[in-house]
Amino acid sequence: MDSLHHGHKLRRGRVSIQQQQYLVTAVTRNRLPWFHETEAARLLCRNFIAMENIGAGESLCFVVMPDHFHWLLSLSGKYSLSQTVGMLKSQTARAMGQSIWQRGFHDHALREEEDRVQIARYIVANPLRAGITTSVRFYPYWNAVWL
Numbered sequence: 084m085d086s087l088h089h090g091h092k093l094r095r096g097r098v099s100i101q102q103q104q105y106l107v108t109a110v111t112r113n114r115l116p117w118f119h120e121t122e123a124a125r126l127l128c129r130n131f132i133a134m135e136n137i138g139a140g141e142s143l144c145f146v147v148m149p150d151h152f153h154w155l156l157s158l159s160g161k162y163s164l165s166q167t168v169g170m171l172k173s174q175t176a177r178a179m180g181q182s183i184w185q186r187g188f189h190d191h192a193l194r195e196e197e198d199r200v201q202i203a204r205y206i207v208a209n210p211l212r213a214g215i216t217t218s219v220r221f222y223p224y225w226n227a228v229w230l
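For the sequence shown, the numbering used here begins at 84 and goes up steadily by one.
Hints were generated in silico from the structure; no laboratory data involved. Quantities reported herein were computed from a predicted structural model and do not represent experimental measurements. Backbone N, C-alpha and C define an ideal beta-carbon position, used for all residues, glycine too. Be aware that one or more of the hints could be misleading.
Stated by the list, open to error - Simulated restraints on C-beta separations: (1) Arg-220 to Ser-159: 36 to 42 angstroms; (2) Ala-178 to Arg-114: 37 to 43 angstroms; (3) Trp-229 to Gly-138: 18 to 24 angstroms; (4) Trp-229 to Thr-108: 16 to 22 angstroms; (5) Arg-194 to Ile-215: 28 to 34 angstroms; (6) Ile-215 to Gln-101: 21 to 27 angstroms; (7) Val-200 to Val-98: 23 to 29 angstroms; (8) Thr-108 to Gly-160: 19 to 25 angstroms; (9) Arg-125 to Tyr-205: 21 to 27 angstroms; (10) Thr-121 to Glu-195: 35 to 41 angstroms; (11) His-191 to Asn-136: 22 to 28 angstroms.
Make the full structure from the sequences, and use the hints.
As structure tokens, then:
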């Protein structure tokens with residue numbers, strides 16, 4: 084019988100490579116819009132920076148959407164990708180006092196030929212494409228080292 088959760092399929096073949104850049108997407112449980120609230124969105128933004136401060140990697144770009152996030156990071160090698168994302172999700176959920184995350188996450192290891200700036204632009208334009216804002220300059224829950 085098929086499981087309702089297919090997170091194990093996302094983990095199959097996942098490797099963590101030092102200095103590798105990954106695009107990570109994680110979704111809230113039942114797609115509830117936890118990050119529609121300003122304080123929750125700010126908390127998650129601070130936690131991206133906290134991951135950098137503990138040496139998990141460099142946050143190159145992120146955007147917080149009401150029910151998910153996209154995060155482009157360069158992994159340091161101190162922690163695996165799963166540990167890094169797990170710590171981010173755990174710290175955020177603990178601070179909110181709720182179990183807010185869907186299990187697992189999606190990741191894409193960037194290839195050398197992929198244009199990081201174009202990927203960052205695509206990430207930060209997510210609220211625009213979703214109709215949440217009319218301009219990314221009016222949407223406060225993103226950051227990118229290039230933009």
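For each hint, the structure was consulted:
1. About 31 angstroms separates the C-beta atoms of Arg-220 and Ser-159, a value inconsistent with the hinted range of 36 to 42 angstroms.
2. Separation of Ala-178 from Arg-114 is about 20 angstroms and departs from the stated range, judged on CB atoms against 37 to 43 angstroms.
3. Checked against the given bound of 18 to 24 angstroms, the beta carbons of Trp-229 and Gly-138, roughly 22 angstroms apart, stay inside it.
4. Taken as a hint, the range 16 to 22 angstroms holds for the pair Trp-229 and Thr-108, whose Cβ atoms sit roughly 20 angstroms apart.
5. Between Arg-194 and Ile-215 the C-beta distance comes to about 30 angstroms, which sits within the given range of 28 to 34 angstroms.
6. Between Ile-215 and Gln-101, the C-beta spacing of about 35 angstroms breaks the proposed range 21 to 27 angstroms.
7. Between Val-200 and Val-98 the C-beta distance comes to about 25 angstroms, which sits within the given range of 23 to 29 angstroms.
8. Separated by about 22 angstroms at the C-beta atoms, Thr-108 and Gly-160 satisfy the suggested range of 19 to 25 angstroms.
9. In this structure the supplied range 21 to 27 angstroms holds for Arg-125 paired with Tyr-205, their Cβ-Cβ distance being about 23 angstroms.
10. Range check, Thr-121 to Glu-195: about 38 angstroms between beta-carbon atoms, so the 35 to 41 angstroms window is met.
11. One distance hint, 22 to 28 angstroms for the beta-carbon pair His-191 and Asn-136, holds here, with the actual separation near 25 angstroms.
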